[in-house]
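Protein sequences appear in the order of chains L and S.
The first sequence finishes on residue 123 if you use this note's numbering, and the numbering steps up by one all the way, no holes.
The second sequence finishes on residue 383 if you use this note's numbering, and the numbering steps up by one all the way, no holes.
Calculated directly from the structure, the hints in this document are not laboratory data.
Treat the hints with care, as some may be off.
[To be verified] Okay, derived cross-link-like pairs now, EDC-like style, lysine to aspartate or glutamate, Cα gap no bigger than 16 Å in a straight line: (1) K59(L) <-> D121(L); (2) K34(L) <-> D353(S); (3) K361(S) <-> E90(L); (4) K59(L) <-> D357(S); (5) K118(L) <-> D357(S); (6) K31(L) <-> E68(S); (7) K38(L) <-> D357(S); (8) K59(L) <-> D353(S); (9) K38(L) <-> E114(L).
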Amino acid sequence: MSALLAILTFALIVTAIGAGLVWLSSIAGPKVRKTSAKVMPYECGLPGQEAKDTKISIKFYLTAILFIIFDIEIIFMYPWAVTYFDFMKEGLGGYILGAMGVFILLFVVGLIWEVKSKALDWN
Amino acid sequence: MGQDAFEITINVLKMLVIFLGIVQAVPLLVWLERRGSAFIQNRLGPNRVGPLGLLQLLADAVKFLTKENFVPEKGEWFFYYGAPVMALIPASLAFASIPLSIPIAIEPFEMFGRTFGPYTFIMQGYDLGIGIVFVLGISSLGAYALLMAGWGSGSKYSLLGALRASAQVISYELALSLSLVGILMVYGTFYFTDIVQAQAGPLTFNFLGKSVVIPWLPNWGIFFQPLGALIFFSATFAETNRLPFDLPEAEGELVAGYHTEYGGFKFNLFFIGEYGHMLVASALMATFFFGGYHFPGLTPEGVSAFWSGVVSGANANNILTSLTFLLVLLAKIAFFLWVFIWVRWTLPRFRYDHLMDLGWKTMLPWALFNTVLTAVVMFISHQ
């Protein structure tokens with residue numbers, strides 16, 4: 001509870017100072033005279049051609065999905081890693097190593113399948 | 001937070017000092033980067049304003065504050081103004097959870113006719129049992145600042161830069177979090193203080209039932225996890241969007257990436273966020289693999305005995321002892337920050353498909369190999 005309160009306090013300090021600096025720079029800076037050239041999105045000097053919801057590669061979406069799957073698998077390894085030595089001290093080292101071996105095997109098969117299906121190629 | 005007003009005040013002030021320390025480190029790092037890069041490239045760098053060009057930073061800050069602020073025509077003001085503030089949060093929150101030195105024990109003392117006391121002040125923002133999970137989780141939020149900036153700017157260069165950056169950050173996060181599994185196995189805890197404590201003294205390990213001590217080497221994580229350290233440090237380069245992984249800002253292709261439409265102090269806040277991530281990465285490198293605030297030959301008792309010859313009073317002695325260990329950690333952090341700068345001006349940039357290939361097809365399998373190797377070696381050496 002104490003740590004949670006401390007985190008919230010710190011987050012509040014950071015947000016307040018960050019927002020304060022943005023606000024300070026908006027009152028310290030000169031008055032804005034908006035011209036059409038100034039507010040146009042930057043495109044190397046040419047007039048804007050495309051809308052902002054331009055076409056983007058589906059690969060980004062695919063990468064995000066694959067990331068979620070693998071990240072969850074890695075998170076499952078964390079509690080195992082922390083308790084690994086305790087299990088060995090209890091004489092259950094072979095059991096815990098074998099159990100994780102099966103899980104890591106599935107991870108490797110998944111990764112190989114992904115590479116084989118060219119889901120990770122960016123050409 | 002504390003039992004009485006004094007302890008709460010000190011703890012809040014400590015957080016302010018930690019945050020302002022991060023913010024203040026940035027201009028110094030920018031100066032170091034500009035001077036360092038200049039010397040690497042056989043130039044002089046900023047040397048006009050103040051001694052060695054040090055006041056250049058102050059001039060820059062004033063200049064940043066006096067810039068016009070406006071939202072681009074297709075932008076969305078909430079995301080546009082929110083992104084720089086959001087960029088500060090993950091790095092600061094992560095850095096505050098890393099222990100910077102040994103706790104300061106304060107004995108009861110008299111002030112304003114009242115007795116305060118005894119307190120123990122930890123040298124970090126907050127003490128979390130799940131420190132490592134917290135740092136990994138909160139640093140991942142950095143991707144939101146990138147996406148907010150990319151979407152809020154309403155420019156296709158910003159959007160493409162933000163998408164590239166977030167795809168890169170999440171890809172390398174896999175190798176980053178997997179490379180830490182080995183460290184978790186060796187130390188068996190998520191708690192930073194325990195990890196740092198375990199690295200005190202000479203190199204000690206069990207091998208085939210025998211306890212081996214090597215007195216001339218420190219008990220640092222790098223000797224147990226060399227491969228893990230290499231993968232972790234490489235992945236942090238990608239996480240902080242630094243060269244050779246700075247594809248999001250590849251200026252030949254994308255102008256300036258997700259902060260194309262930013263200028264003035266908002267741009268500066270992105271810089272603080274990026275350098276804050278570098279600080280976190282360097283502090284984690286020191287904490288996991290290079291003994292944290294421990295240094296061979298320095299023990300809390302020894303340092304305390306040294307200071308008791310200089311100052312009298314237990315409180316002053318405790319504070320000076322803690323500050324000595326803080327200096328050790330800061331020196332280690334400074335070294336890794338210099339490595340970040342050094343690498344940036346030495347290596348060329350990757351191509352985007354090479355970058356993604358390196359993350360998914362090289363570093364992820366090697367991190368997995370490191371995990372399996374650690375598990376097997378620990379299993380065999382414990383028999």
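Here is how each hint holds up against the structure:
{"no.": "1", "hint": "K59(L) <-> D121(L)", "result": "holds (9 Å)"}
{"no.": "2", "hint": "K34(L) <-> D353(S)", "result": "violated (40 Å)"}
{"no.": "3", "hint": "K361(S) <-> E90(L)", "result": "violated (37 Å)"}
{"no.": "4", "hint": "K59(L) <-> D357(S)", "result": "holds (13 Å)"}
{"no.": "5", "hint": "K118(L) <-> D357(S)", "result": "holds (11 Å)"}
{"no.": "6", "hint": "K31(L) <-> E68(S)", "result": "holds (7 Å)"}
{"no.": "7", "hint": "K38(L) <-> D357(S)", "result": "violated (39 Å)"}
{"no.": "8", "hint": "K59(L) <-> D353(S)", "result": "holds (11 Å)"}
{"no.": "9", "hint": "K38(L) <-> E114(L)", "result": "violated (46 Å)"}
Hint compliance for this structure: hints 2, 3, 7 and 9 are not met, and every other hint is.
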